[in-house]
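Q: Those protein sequence lines, which keep their order, are chains A and B.
This note's numbering applies: residue 79 is where the first sequence begins, and numbers increase by one.
This note's numbering applies: residue 79 is where the second sequence begins, and numbers increase by one.
Derived by calculation from the structure, the hints in this document are not laboratory data.
Every value quoted in this text rests on a predicted model; they were computed, and no experiment measured them.
These stretches of chain B come out as covered by chain A in the derived footprint (C-beta under 8 Å, 3 or more residues): (1) 199-208; (2) 326-335.
To give a feel for the contact side, a few chain B residues facing chain A, derived at Cβ under 10 Å: (3) SER267; (4) ALA281; (5) ASP285; (6) THR301; (7) ARG302; (8) PRO308; (9) MET310; (10) LEU316; (11) LEU348; (12) GLU349; (13) ALA353; (14) CYS355; (15) ARG356; (16) GLU357; (17) ASP363.
In silico DMTMM-like pairs for lysine to aspartate or glutamate, Cα to Cα no more than 20 Å straight-line: (18) LYS284(B) - GLU357(A); (19) LYS123(A) - ASP137(A); (20) LYS284(A) - ASP320(B); (21) LYS284(B) - GLU349(A); (22) LYS284(B) - GLU347(A); (23) LYS284(B) - ASP330(A); (24) LYS83(A) - ASP143(A); (25) LYS104(A) - ASP146(A); (26) LYS284(A) - ASP330(B); (27) LYS284(A) - GLU347(B); (28) LYS123(B) - ASP137(B); (29) LYS104(B) - GLU218(B); (30) LYS170(B) - ASP146(B).
Glycine included, every Cβ here is placed at the ideal spot set by N, Cα and C.
Number of protein chains: 2
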Amino acid sequence: MAMIKGTRIALLGLGLISGSLAKALKATSWRGSIVAWGPREPSLKRGLSLGVIDEYTLDLEAALDGADIVVVGAPPAATASVLNAVFVALRKNGQTPVVTDLASIKGHIVAQAPTDYPGFVPGHPIAGSEHSGVSAARSELFAGREVILTPLATTDESATSEVANLWRMTGARVTEMAVDAHDAALAASSHSPHMIAYALTMALSKDGLAPIEHGGGALRDMTRIAASDPVMWRDVALTNRDALLAAMAAVDGELNQLRELISTGSGEELERYFAHCREVRRGYDRILNPMLEPREPAS
Amino acid sequence: MAMIKGTRIALLGLGLISGSLAKALKATSWRGSIVAWGPREPSLKRGLSLGVIDEYTLDLEAALDGADIVVVGAPPAATASVLNAVFVALRKNGQTPVVTDLASIKGHIVAQAPTDYPGFVPGHPIAGSEHSGVSAARSELFAGREVILTPLATTDESATSEVANLWRMTGARVTEMAVDAHDAALAASSHSPHMIAYALTMALSKDGLAPIEHGGGALRDMTRIAASDPVMWRDVALTNRDALLAAMAAVDGELNQLRELISTGSGEELERYFAHCREVRRGYDRILNPMLEPREPAS
Numbered sequence: 079m080a081m082i083k084g085t086r087i088a089l090l091g092l093g094l095i096s097g098s099l100a101k102a103l104k105a106t107s108w109r110g111s112i113v114a115w116g117p118r119e120p121s122l123k124r125g126l127s128l129g130v131i132d133e134y135t136l137d138l139e140a141a142l143d144g145a146d147i148v149v150v151g152a153p154p155a156a157t158a159s160v161l162n163a164v165f166v167a168l169r170k171n172g173q174t175p176v177v178t179d180l181a182s183i184k185g186h187i188v189a190q191a192p193t194d195y196p197g198f199v200p201g202h203p204i205a206g207s208e209h210s211g212v213s214a215a216r217s218e219l220f221a222g223r224e225v226i227l228t229p230l231a232t233t234d235e236s237a238t239s240e241v242a243n244l245w246r247m248t249g250a251r252v253t254e255m256a257v258d259a260h261d262a263a264l265a266a267s268s269h270s271p272h273m274i275a276y277a278l279t280m281a282l283s284k285d286g287l288a289p290i291e292h293g294g295g296a297l298r299d300m301t302r303i304a305a306s307d308p309v310m311w312r313d314v315a316l317t318n319r320d321a322l323l324a325a326m327a328a329v330d331g332e333l334n335q336l337r338e339l340i341s342t343g344s345g346e347e348l349e350r351y352f353a354h355c356r357e358v359r360r361g362y363d364r365i366l367n368p369m370l371e372p373r374e375p376a377s
Numbered sequence: 079m080a081m082i083k084g085t086r087i088a089l090l091g092l093g094l095i096s097g098s099l100a101k102a103l104k105a106t107s108w109r110g111s112i113v114a115w116g117p118r119e120p121s122l123k124r125g126l127s128l129g130v131i132d133e134y135t136l137d138l139e140a141a142l143d144g145a146d147i148v149v150v151g152a153p154p155a156a157t158a159s160v161l162n163a164v165f166v167a168l169r170k171n172g173q174t175p176v177v178t179d180l181a182s183i184k185g186h187i188v189a190q191a192p193t194d195y196p197g198f199v200p201g202h203p204i205a206g207s208e209h210s211g212v213s214a215a216r217s218e219l220f221a222g223r224e225v226i227l228t229p230l231a232t233t234d235e236s237a238t239s240e241v242a243n244l245w246r247m248t249g250a251r252v253t254e255m256a257v258d259a260h261d262a263a264l265a266a267s268s269h270s271p272h273m274i275a276y277a278l279t280m281a282l283s284k285d286g287l288a289p290i291e292h293g294g295g296a297l298r299d300m301t302r303i304a305a306s307d308p309v310m311w312r313d314v315a316l317t318n319r320d321a322l323l324a325a326m327a328a329v330d331g332e333l334n335q336l337r338e339l340i341s342t343g344s345g346e347e348l349e350r351y352f353a354h355c356r357e358v359r360r361g362y363d364r365i366l367n368p369m370l371e372p373r374e375p376a377s
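Isolated chain A, as found in the complex:
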């Protein structure tokens, strides 16, 4: 099994993702300590009482002291500011832990990172929930899910390898991508779908027939992520603006194409369109539903 070298991890910001990381690590044979720092003491206290972390502090420098791995977990805009504060503090006290983050956009983060800190490994676990906060943390959140690392030209391979092992310990599969490719792919696979869920939910909420009251499983799934954290998604929308607008335009183009086919009563084309989508969706079911993947029979 993958195992990190570090024995002390500092979580800067304690929420759903960082809390789930802590719980996942505690479910392995790793026996290090986890300290959390954050702006809101109640969250930290809750994390301590839930056994998610071993200790907490409201003093950033104290949290960094002696840490081997620093994980910044905050909304995208705040992630950049916290990272800057971290690099300033590390330069001051001369420590060089591995530093990674959890933000769903990477370009905006990397643009503000120092170019002379080889221990920085930008990261993004593709996992989440419409629930937020450390109380919603689950040790199995990352099982089978992808974690994308976007190491920079200045990043040490040993740092990348340590962060990759950190995630492998949670059951995730680790891949590497360039920053721009990450932001464009995620705009299409995650950011634009969130905007679509928001748009659908808003349209339904304005409809005088109260259609949501007649919703079934389809609507449950198509609106679930509209309950996601508004601050995080505001940040994502603004910090990955161009890629997001391009991805939304692509979906809008398809929606308009469908409206045209419906409007003109083009049954054969519609059936072909839908059949193609079914094939595409089925082809990706093992990636999108990793927990349902059938196990290989023991031979």
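Here the structure of chain A is known, so what remains is to put chain B in place on it, guided by the hints.
A: Structure of chain B alone, referenced to chain A:
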């Protein structure tokens, strides 16, 4: 508990929904018999061997003979034809069972129904799955879900009551709506969300970065129903065209509004928009996730 008077049920078309209805009835104390008719013998044979039905026939008149309740389960366009054949056969043999259907659109069906058959109760269970066929049938598919009946001016109250009891036996809650209101509300709550899932899936499948490979739970949910039955959704799109186009235009309007807010960097408005959606979505969670509804503590 609700209980139907009928002791023999004919299912015309055996698939996910009619098969789940049969399984749900067999899980109650009702001890009648269920005969299935359909165009494809393999499905009927599978239903028989799975114990979903008691017998089957390829002869429509034989299926109707002695039936107390006739349930037409077919794609929307085929539902109208089967209903017509049923009414012709019933007139010929002088039987007057209660007749209902399962189609997700009602206007198109009702427009073709005879105005002199008081036993006809148009119906629509708001439940389904991206899987189709009798093998995917589940007895608990309707638990907590809504079944909408749209009785006509000519419909006997006793027929409506029998069909309502049929559905209540499956654990569903039964509501009544006018045909037009049903089609408009469902266009918004179900039909348009399916079109959105198709459009999103198609846009992703054309993207050179293969973004679906980086999908997580959000994309799993936002594309799940794009694997739905192409023929059924072709029929829904064409037979509920005007209401569907209006619902899609409303979502498109919201998407354009979001693109504008993102484009102009309107952070406060975006956060307010997302926060409103979260509130709306949370407010409907008990309807959209009926299985998760906490039980009242015994007093």
